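**Student:** Residue numbers (numbering that gives the first Met the number 0), protein chains in the order written: chain A, 0 to 335; chain B, 0 to 335.
Calculated from the structure, these hints are not laboratory results.
Hints are supplied without guarantee of correctness; some may be wrong.
Said to hold, decoys possible - A short, non-exhaustive set of chain B residues, derived as facing chain A with CB atoms under 10 Å:
#	residue
1	Phe16
2	His51
3	Ala61
4	Phe84
Claimed, not checked - Covered, in the sense of this in silico footprint (three residues per stretch, anywhere, with C-beta under 8 Å from a C-beta of chain A), are these stretches of chain B:
#	region
5	19-32
6	71-81
7	289-295
From a predicted model like this one, the values you see are computed outputs, not experimental measurements.
Positions of the beta carbon are idealized from the N, C-alpha and C atoms, including for glycine.
Protein chains: 2
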Amino acid sequence: MTAAPTPASIFNIGFGFWGAKALLSAVELGLFSELAKGPAGLATLSGRLGLHQRSARDFLDALVALRLLERQDARYSNTAETDMFLDKAKPTYVGGLLEMANARLYGSWGYLTEALKTGQNQNEGRETDDVFAALYADPERLRGFLAAMSGVSLSAAQAIAAKFPWANYKSFADIGCAQGMMPVTIARAHPHLSGAGYDLPPVKPIFEEYAAKHGLSERLKFVTGNFFTDPLPKAEVLIMGHILHDWDLDQKRMLLGKANAALPKGGALIVYEALIDDERRDNAFGLLMSLNMLIETKGGFDFTGADCQGWMREAGFSQTRVEPLSGPDSMVIAIK
Amino acid sequence: MTAAPTPASIFNIGFGFWGAKALLSAVELGLFSELAKGPAGLATLSGRLGLHQRSARDFLDALVALRLLERQDARYSNTAETDMFLDKAKPTYVGGLLEMANARLYGSWGYLTEALKTGQNQNEGRETDDVFAALYADPERLRGFLAAMSGVSLSAAQAIAAKFPWANYKSFADIGCAQGMMPVTIARAHPHLSGAGYDLPPVKPIFEEYAAKHGLSERLKFVTGNFFTDPLPKAEVLIMGHILHDWDLDQKRMLLGKANAALPKGGALIVYEALIDDERRDNAFGLLMSLNMLIETKGGFDFTGADCQGWMREAGFSQTRVEPLSGPDSMVIAIK
Numbered sequence: 000m001t002a003a004p005t006p007a008s009i010f011n012i013g014f015g016f017w018g019a020k021a022l023l024s025a026v027e028l029g030l031f032s033e034l035a036k037g038p039a040g041l042a043t044l045s046g047r048l049g050l051h052q053r054s055a056r057d058f059l060d061a062l063v064a065l066r067l068l069e070r071q072d073a074r075y076s077n078t079a080e081t082d083m084f085l086d087k088a089k090p091t092y093v094g095g096l097l098e099m100a101n102a103r104l105y106g107s108w109g110y111l112t113e114a115l116k117t118g119q120n121q122n123e124g125r126e127t128d129d130v131f132a133a134l135y136a137d138p139e140r141l142r143g144f145l146a147a148m149s150g151v152s153l154s155a156a157q158a159i160a161a162k163f164p165w166a167n168y169k170s171f172a173d174i175g176c177a178q179g180m181m182p183v184t185i186a187r188a189h190p191h192l193s194g195a196g197y198d199l200p201p202v203k204p205i206f207e208e209y210a211a212k213h214g215l216s217e218r219l220k221f222v223t224g225n226f227f228t229d230p231l232p233k234a235e236v237l238i239m240g241h242i243l244h245d246w247d248l249d250q251k252r253m254l255l256g257k258a259n260a261a262l263p264k265g266g267a268l269i270v271y272e273a274l275i276d277d278e279r280r281d282n283a284f285g286l287l288m289s290l291n292m293l294i295e296t297k298g299g300f301d302f303t304g305a306d307c308q309g310w311m312r313e314a315g316f317s318q319t320r321v322e323p324l325s326g327p328d329s330m331v332i333a334i335k
Numbered sequence: 000m001t002a003a004p005t006p007a008s009i010f011n012i013g014f015g016f017w018g019a020k021a022l023l024s025a026v027e028l029g030l031f032s033e034l035a036k037g038p039a040g041l042a043t044l045s046g047r048l049g050l051h052q053r054s055a056r057d058f059l060d061a062l063v064a065l066r067l068l069e070r071q072d073a074r075y076s077n078t079a080e081t082d083m084f085l086d087k088a089k090p091t092y093v094g095g096l097l098e099m100a101n102a103r104l105y106g107s108w109g110y111l112t113e114a115l116k117t118g119q120n121q122n123e124g125r126e127t128d129d130v131f132a133a134l135y136a137d138p139e140r141l142r143g144f145l146a147a148m149s150g151v152s153l154s155a156a157q158a159i160a161a162k163f164p165w166a167n168y169k170s171f172a173d174i175g176c177a178q179g180m181m182p183v184t185i186a187r188a189h190p191h192l193s194g195a196g197y198d199l200p201p202v203k204p205i206f207e208e209y210a211a212k213h214g215l216s217e218r219l220k221f222v223t224g225n226f227f228t229d230p231l232p233k234a235e236v237l238i239m240g241h242i243l244h245d246w247d248l249d250q251k252r253m254l255l256g257k258a259n260a261a262l263p264k265g266g267a268l269i270v271y272e273a274l275i276d277d278e279r280r281d282n283a284f285g286l287l288m289s290l291n292m293l294i295e296t297k298g299g300f301d302f303t304g305a306d307c308q309g310w311m312r313e314a315g316f317s318q319t320r321v322e323p324l325s326g327p328d329s330m331v332i333a334i335k
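Excised from the complex, chain A in its bound form:
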């Protein structure tokens, strides 16, 4: 006996942009940061956030129904998750990624059909063909982007700090380190390690401020470089997180080759990404992330663990393996 088909799951997916945009607007309005100070009623919250009375209640109750807020005795409060991850005042804030989605990706994805037909990126009002050059040229936007990347990497950083056999190594460098979430998380968990963050020059003050804030200025150094034109820094372990997916296949291979060249024999490369499952039929987030790279970059795409291990062996690594992290990310470890 099979139940008669219904269009419910089609509508659930097709109208997923409603709930998404409600959450993105809530982050934009600072709702969760406001509620982190304490529960508040409809009138109070509307006043603080500047919500019009026509739909403030629908908006807040929709977030209750989405399990992003709680409501008791007509007062709204954060859930455990939104309080931990969407309060800007907490170090666990991951809302930078949603701010980026709200400010840029939601609009760019409106051009998905055109991207699918042309193979061309659709980002940023489509006026630039290099999203990174545009980002790095604007200090305010760069800071926002780097904070967003910390949100992306938080869960992965905790898992890599816990799962990788760090006791066997003394040094590491994070390639494309952004704000420094990954080096800080690893260095805090493993006091015997010294590390480096490697990124373009404008990132230096942002990284150093972040490392200092965590009392790690002695053990974490910033190395300035451009991974297309400079060699990678020497270390026993190199990390590349959400880097390879930004680039086309030749660029991916070049970066893996540079990592191999920079490592000592026995050194390790850790690549972590929202890896697509090898059968390409389960990890919807990874496959959609690859469409996000279509929309955001000139040649980037996401890939499976098998794809990555193949490229690593071609680049000269001798052993490779895949380990799941938390959430959609997995890491691929390659030993030289």
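For this one, chain A is given, so just place chain B on it according to the hints.
**Tutor:** Only chain B this time, still in chain A's reference frame:
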């Protein structure tokens, strides 16, 4: 023991626009109609739909991971659901609603924050303050909108045809009938009934064509009218589906009053909508639909069954009750 909070559900909701837009673009490209003719491989499908090779495979595999397509031996095919509901050649097609979401709502929802701050509708590039006047003025767009409304009403029509005690009545009229999905479904299920569809003049030929296609021209008549300026047609049962939520509270009350005036004693009014649960904490779809009315209309909003029953009693109805239909819709029945 409670598991440590993770940001997974926050990201699932916040990036829900990715999967939504992938589905909406697939409907726009005619993917499911194409696959309804038979399974096809990557190259064949790309050629037929005009997909660029850069991301055709990611796009199709993402739809597999979202359970909207199947893939076997490198050939893609529809699922039971997408074959039944997203093939334009089938009478069960509900994709008109997704076409509308793709062409209009996705973009308008990009202005949700502004709508929340101002209380003003944000539709249609925001150039018009009357979405219905604009729709009804353009025959091609009207036809698309009316077909979309059939998609919305399909499940509800089947449930109302099955659940309401039609044996006790001889006539009905559907107020704001659009293409005529509801009258056709009821008339087919209950041969003793004669019915009417009531809508603005431009709907007449579309309704009559649809009724004729189902061999119901004798039993289903179109009545031309504007429910703001004209009385409602006389019948033993009146139906208003997804009508009241388009309008503000005074307009809702006026329409319920007109329905009461048009019915005989003992007659019934059926209102069906994506009713919000009375506690306003579970039906996310209904609450988000109300935000959609914020974005699409000047004063519309969705409501609970308790709200509706209260207005019905104020309008003169003596008994009221709520019955769930399939999917997010429920009906409120009021007896004069």
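**Student:** Please verify the coverage claim for the region 19-32 of chain B: does it have three or more residues whose C-beta sits within 8 Å of some C-beta in chain A?
**Tutor:** Contact hint for the region 19-32 of chain B vs chain A: holds, 9 residues under 8 Å.
**Student:** Phe16(B) was flagged as interface toward chain A. Is the shortest Cβ-Cβ separation under 10 Å?
**Tutor:** Nearest chain A Cβ about 4 Å off; hint holds.
**Student:** Given Phe84(B) was flagged as interface, is its beta-carbon under 10 Å from a beta-carbon of chain A?
**Tutor:** This hint holds: Phe84(B) lies near chain A, its Cβ roughly 4 Å from the closest one there, short of 10 Å.
**Student:** When the nearest CB of chain A is found for His51(B), is that gap smaller than 10 Å?
**Tutor:** holds, 3 Å
**Student:** Apply the coverage criterion to the region 289-295 of chain B and chain A: a residue qualifies when its Cβ sits closer than 8 Å to a Cβ of the chain, and three qualifying residues are needed.
**Tutor:** holds (count 4)
**Student:** Quick one, is the Ala61(B) hint okay against chain A at 10 Å, beta carbons?
**Tutor:** holds, 4 Å
**Student:** Counting residues of the region 71-81 of chain B with a beta carbon closer than 8 Å to any beta carbon of chain A, are there 3 or more?
**Tutor:** Held - the region 71-81 of chain B has 3 residues with a Cβ nearer than 8 Å to chain A, which meets the minimum of three.
Checked against the numbered hints above, the structure violates none of them.
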